[in-house]
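Student: Okay, here's what each chain looks like letter by letter:
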Amino acid sequence: MSVLVYTESEEGKFKKASLEVASYAKEIAQMLSTTVTAVTINAQESSELGTYGVDKILKVTNDKLKNFNAEAYADVLKQAAEKEGAKVVILSQSANSKYLAPLLAVHLNAGYASNVVALPESTSPLTVKRTAFTNKAFSFTKFNTDVKIIGLSKNAFGLKEHQTTATTEDFSPSLTAEDFSVNVTSVDKARDKVTIADAEIVVSGGRGLKGPENWQMLEDLADTLGAATACSKPVSDLGWRPHSEHVGQTGKPVASNLYIAIGISGAIQHLAGINASKTKVVINNDPEAPFFKAADYGVVGDAFEIVPKLNEKLKEFKAKNA
Amino acid sequence: MKILVCISHVPDTTSKINFTDNDTKFDTNGVQFVINPNDEFGLTRAMWFKEKQGASVDVINVGGPETEPTLRKALAIGADSAIRVNTPATDGFQVAKQLAKVAADGGYDLIIAGRESIDYNGGMVPGMLAALLNANFVNTCISLEVEGNEAKAIREIDGGKENITASLPLVIGAQKGLVEEKDLRIPNMRGIMQARQKPLNVLEPVDVDAQTAAEKFEKPAPRGNVKLIDPDNLDELINLLHNEAKVI
Ligand SMILES: Cc1cc2nc3c(=O)[nH]c(=O)nc-3n(C[C@H](O)[C@H](O)[C@H](O)COP(=O)(O)OP(=O)(O)OC[C@H]3O[C@@H](n4cnc5c(N)ncnc54)[C@H](O)[C@@H]3O)c2cc1C
Ligand SMILES: Nc1ncnc2c1ncn2[C@@H]1O[C@H](COP(=O)(O)O)[C@@H](O)[C@H]1O
Numbered sequence: 001m002s003v004l005v006y007t008e009s010e011e012g013k014f015k016k017a018s019l020e021v022a023s024y025a026k027e028i029a030q031m032l033s034t035t036v037t038a039v040t041i042n043a044q045e046s047s048e049l050g051t052y053g054v055d056k057i058l059k060v061t062n063d064k065l066k067n068f069n070a071e072a073y074a075d076v077l078k079q080a081a082e083k084e085g086a087k088v089v090i091l092s093q094s095a096n097s098k099y100l101a102p103l104l105a106v107h108l109n110a111g112y113a114s115n116v117v118a119l120p121e122s123t124s125p126l127t128v129k130r131t132a133f134t135n136k137a138f139s140f141t142k143f144n145t146d147v148k149i150i151g152l153s154k155n156a157f158g159l160k161e162h163q164t165t166a167t168t169e170d171f172s173p174s175l176t177a178e179d180f181s182v183n184v185t186s187v188d189k190a191r192d193k194v195t196i197a198d199a200e201i202v203v204s205g206g207r208g209l210k211g212p213e214n215w216q217m218l219e220d221l222a223d224t225l226g227a228a229t230a231c232s233k234p235v236s237d238l239g240w241r242p243h244s245e246h247v248g249q250t251g252k253p254v255a256s257n258l259y260i261a262i263g264i265s266g267a268i269q270h271l272a273g274i275n276a277s278k279t280k281v282v283i284n285n286d287p288e289a290p291f292f293k294a295a296d297y298g299v300v301g302d303a304f305e306i307v308p309k310l311n312e313k314l315k316e317f318k319a320k321n322a
Numbered sequence: 323m324k325i326l327v328c329i330s331h332v333p334d335t336t337s338k339i340n341f342t343d344n345d346t347k348f349d350t351n352g353v354q355f356v357i358n359p360n361d362e363f364g365l366t367r368a369m370w371f372k373e374k375q376g377a378s379v380d381v382i383n384v385g386g387p388e389t390e391p392t393l394r395k396a397l398a399i400g401a402d403s404a405i406r407v408n409t410p411a412t413d414g415f416q417v418a419k420q421l422a423k424v425a426a427d428g429g430y431d432l433i434i435a436g437r438e439s440i441d442y443n444g445g446m447v448p449g450m451l452a453a454l455l456n457a458n459f460v461n462t463c464i465s466l467e468v469e470g471n472e473a474k475a476i477r478e479i480d481g482g483k484e485n486i487t488a489s490l491p492l493v494i495g496a497q498k499g500l501v502e503e504k505d506l507r508i509p510n511m512r513g514i515m516q517a518r519q520k521p522l523n524v525l526e527p528v529d530v531d532a533q534t535a536a537e538k539f540e541k542p543a544p545r546g547n548v549k550l551i552d553p554d555n556l557d558e559l560i561n562l563l564h565n566e567a568k569v570i
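Quick mapping for you: the protein sequence lines, in order, are chains P and R.
First residue of the first sequence: 1, per my numbering; consecutive thereafter.
First residue of the second sequence: 323, per my numbering; consecutive thereafter.
The hints are simulated quantities; they were obtained by calculation from the structure and are not laboratory data.
There's no promise every hint is true.
What the hints assert, rightly or not - Below, in silico cross-link-like pairs of lysine to aspartate or glutamate (DMTMM-like), each with a Cα-Cα straight-line distance of 20 Å or less: (1) R:LYS568 with P:GLU11; (2) R:LYS483 with P:ASP286; (3) P:LYS320 with R:GLU566; (4) P:LYS189 with P:GLU11; (5) R:LYS372 with R:GLU502; (6) P:LYS309 with R:ASP554; (7) P:LYS64 with P:GLU10; (8) P:LYS309 with P:ASP286; (9) P:LYS15 with R:GLU467; (10) P:LYS59 with P:GLU10; (11) P:LYS315 with R:ASP480; (12) P:LYS320 with R:ASP557; (13) R:LYS568 with R:ASP557; (14) P:LYS129 with R:GLU373; (15) R:LYS504 with P:ASP237; (16) P:LYS193 with P:GLU11.
Claimed, not checked - The following residues of chain P were derived to be distant from chain R, with all beta-carbon distances above 12 Å: (17) GLN30; (18) THR51; (19) SER124; (20) LYS136; (21) PRO212.
Virtual Cβ for every residue (Gly too), placed ideally from N, Cα, C.
The task is simple: from the sequences and hints, build the whole structure.
Tutor: If you want it as structure tokens, here you go:
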């Protein structure tokens with residue numbers, strides 16, 4: 001009956017989103033008077049999960065699962081859910097979890113609600129609040145199924161400590177050749193670069209920066225802040241920056257703690273995609289730019305003067321507060 | 323190769339989102355509907371397979387008669403025929419079930435859906451459809467080639483890419499990158515004329531119960547005013563970000 005949570009890891013280490021889903025799972029488990037079981041796949045050290053309320057860990061160690069494979073991972077989670085008799089399964093909204101969730105839903109005959117942003121409104125029937133219309137609204141979604149899968153939006157719940165001592169059990173699900181019929185031949189991943197998905201801070205540039213040659217000051221600012229870089233759609237359409245940096249309604253969603261928009265006007269499609277960020281700062285020389293209506297803090301002025309100055313001041317601040 | 327492109331009929335990206343009937347229904351008043359942007363990328367890639375490899379391309383929507391103009395637009399872009407499954411879309415699973423029936427009956431080799439719709443944002447239909455069909459599935463697909471029965475795809479992952487091979491039948495979740503923005507097809511006059519003559523078949527739905535129901539909607543709370551900071555006093559910005567917002 002326990003609540004099952006998939007705690008993703010990368011190169012053996014848990015992602016912050018995994019600790020967040022664990023924290024969330026704990027509170028749901030308390031609402032349902034049950035416990036939390038986490039599934040880990042090739043994670044090294046899992047005691048950290050106990051800090052966030054995980055009671056039991058099903059530890060999967062298998063070389064075949066070294067690279068992510070949606071079908072195979074969904075199969076692991078299905079078998080874990082069945083073994084635990086889990087009625088509620090909780091996942092993050094990372095690219096990998098979003099990929100496997102609908103497969104898992106069909107295999108478990110479960111309903112699936114993605115982009116969930118809060119604890120359930122009610123537990124019987126289970127009703128959750130999720131974003132819809134690309135952050136322009138919320139919908140309250142009720143499950144009609146016995147088993148339910150919740151995809152928790154990044155940064156929506158946060159980390160909550162619930163110190164427990166998690167017991168660990170080795171778990172060896174049976175995998176079939178069919179699980180690997182989608183074959184990953186190679187992975188290209190920038191190593192020590194923060195991704196938009198994982199970043200706490202995102203520094204984003206728009207057409208106001210005039211050309212790709214002017215991105216160095218953004219990169220510098222991002223470096224100082226440990227931030228990921230992003231851009232508006234026209235910037236990626238013009239080839240100034242790669243598509244993978246395009247954020248907004250038709251690009252990547254951003255749900256960081258801090259989003260800094262530089263030379264971006266704040267079109268509705270742009271704002272829809274970044275609205276889930278907690279704090280928004282806009283730097284734009286046009287005081288009428290729509291972004292000022294959507295931001296928490298604004299600086300009206302020329303980005304070419306402000307950004308380097310801000311970077312210097314932030315470096316001083318970091319040096320003092322290190 | 324037989325290709326089926328799933329088309330979601332969604333409010334234009336600039337639409338104001340409002341609700342009626344005590345916040346239980348989306349207010350379509352004055353809203354323009356379009357092909358879901360992710361599906362446009364998929365449809366454009368399907369046209370490439372048609373033109374370069376002789377594939378046939380059908381488009382499908384699960385919805386009421388009001389979605390037909392959107393299907394006609396897909397026909398004007400170049401699809402050969404359209405199918406509408408005559409039932410309102412209630413949740414991702416119900417839609418996936420309807421699509422699976424048509425896809426299985428039609429013997430499609432490649433099924434292209436969008437990574438996510440911009441209205442429901444479920445990100446669930448393509449994966450559920452693949453699982454129901456027992457077909458291979460590649461989500462967030464940014465490149466796709468097919469030779470015979472084998473597909474080569476690239477999947478966008480957080481911070482990079484994955485190269486994938488899989489055999490048909492295959493379902494993909496399409497997105498920007500699958501084709502370049504500048505290559506996106508828009509209907510021309512000739513296409514629009516031809517579309518009028520192309521078949522749009524209406525099929526009756528299979529019996530399915532939705533697994534989830536959107537009971538009520540809510541709009542985000544209006545936000546407070548922006549705090550403006552003097553460009554000559556950026557220390558104040560740092561101070562606010564550190565002490566007030568607590569994000570640095
Ligand atoms: C179907 C559809 C989907 C879309 N999806 C997206 C999406 O996902 N993401 C997205 O971003 N857009 C999207 N758009 C595009 C969107 O409508 C806007 O065109 C786009 O966001 C504008 O980008 P921008 O702000 O970089 O450029 P602009 O609108 O050109 O704004 C540039 C800004 O820079 C400012 N500026 C100029 N010089 C300086 C300076 N020296 N210092 C400081 N500021 C300066 C200007 O005042 C201006 O506000 C979509 C559009 C459509 C039709
Ligand atoms: N009613 C529908 N009819 C046909 N295809 C749909 C429908 N709803 C969703 N899809 C497809 O599934 C994709 C993802 O939708 P969603 O799961 O709602 O985010 C869309 O981009 C479409 O390709």
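Student: Hint by hint, note whether the structure agrees.
Tutor: Hints, verified against the model:
| no. | hint | verdict |
| --- | --- | --- |
| 1 | R:LYS568 with P:GLU11 | violated (30 Å) |
| 2 | R:LYS483 with P:ASP286 | violated (37 Å) |
| 3 | P:LYS320 with R:GLU566 | holds (18 Å) |
| 4 | P:LYS189 with P:GLU11 | holds (12 Å) |
| 5 | R:LYS372 with R:GLU502 | holds (17 Å) |
| 6 | P:LYS309 with R:ASP554 | holds (9 Å) |
| 7 | P:LYS64 with P:GLU10 | holds (15 Å) |
| 8 | P:LYS309 with P:ASP286 | holds (19 Å) |
| 9 | P:LYS15 with R:GLU467 | violated (33 Å) |
| 10 | P:LYS59 with P:GLU10 | holds (15 Å) |
| 11 | P:LYS315 with R:ASP480 | violated (28 Å) |
| 12 | P:LYS320 with R:ASP557 | holds (13 Å) |
| 13 | R:LYS568 with R:ASP557 | holds (15 Å) |
| 14 | P:LYS129 with R:GLU373 | violated (44 Å) |
| 15 | R:LYS504 with P:ASP237 | holds (8 Å) |
| 16 | P:LYS193 with P:GLU11 | holds (15 Å) |
| 17 | GLN30 | holds (23 Å) |
| 18 | THR51 | holds (21 Å) |
| 19 | SER124 | holds (14 Å) |
| 20 | LYS136 | violated (4 Å) |
| 21 | PRO212 | holds (16 Å) |
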